[in-house]
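Visitor: For reference, the chains in residue letters:
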Amino acid sequence: MLQIVGIGLIATFLVMLLKEQKSSVAFLLTVFVGCAIFLFLIDQISAILHMLQKIASDTNINMVYFETILKIIGIAYIAEFASQISKDAGQGAIASKIELGGKILILAMAIPILTAIIETVIGLIPSSRG
Amino acid sequence: MMGIDVDVIFKIAGVGMAIALLHTVLEQMGKKEFAQWITLIGFIYILFMVASVISSLFQKIKDVFLFQR
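From first to last, the protein sequence lines are chains H and B. By my numbering, the letter at position 62 of the first sequence is numbered 62, and the numbering carries on one by one without gaps. Position in the second sequence (from 1) plus 130 gives the number in my numbering.
If a hint is listed, it holds; no wrong ones were tucked in.
Dumping the calculated SDA-like pairs for lysine to any residue here, alpha-carbon to alpha-carbon at most 25 Å: (1) H:71 <-> H:100; (2) B:141 <-> H:21; (3) H:54 <-> B:194; (4) B:192 <-> H:96.
Interface residues of chain H toward chain B, partial, derived using beta-carbon atoms under 10 Å: (5) 3; (6) 37; (7) 40; (8) 67; (9) 72.
These are computed hints drawn from the structure, not numbers from a lab. These figures come from a predicted structure and were not determined experimentally. Note that the Cβ used here is the ideal one computed from N, Cα and C, for glycine as well.
All chains, full assembly: derive it from the sequences and hints.
Guide: Pasting the structure below:
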């Protein structure tokens with residue numbers, strides 16, 4: 001944890017320093033630190049995900065759903081990462097477009113799950129035809 | 131993982147400061163286009179470093195979040 005805080009603080013100081021002369025380099029530095037911190041965390045995240053996967057496979061839930069959930073989390077994270085960075089660089093329009101893209105992709109991935117839910121719900125309702 | 135990042139952060143900041151300094155110095159000396167070149171080269175070098183980290187990040191994300199088709 002201390003490493004993350006240390007890296008973050010050092011980076012903010014350096015960005016302040018670089019802001020006046022070369023704002024482009026400062027922006028690249030923020031992008032770099034964002035990636036570095038997440039690279040540091042990704043090992044813990046993969047451990048958590050392995051644990052979740054084991055639990056899911058034990059309870060023999062259909063693995064497709066679990067994988068789509070994982071993908072949705074991944075897409076959500078990347079979209080948020082990119083939109084924050086572009087917002088930070090002052091490009092609000094690009095940031096909102098990236099978020100829009102992320103939402104649509106997540107919705108597209110959720111289609112099978114949604115159809116499965118709707119089918120089960122319809123199955124529950126005692127329809128007159130049946 | 132953490133040790134490398136600190137060095138690279140300082141390197142990026144150092145190269146950035148060096149470019150800015152060189153740019154102003156060379157402009158005083160009158161070699162304007164040379165200053166432009168130095169700025170461009172330095173910027174591309176930093177871009178390359180950041181791009182390599184981003185590519186490794188995306189590769190890791192693909193592995194962890196099971197993005198392979």
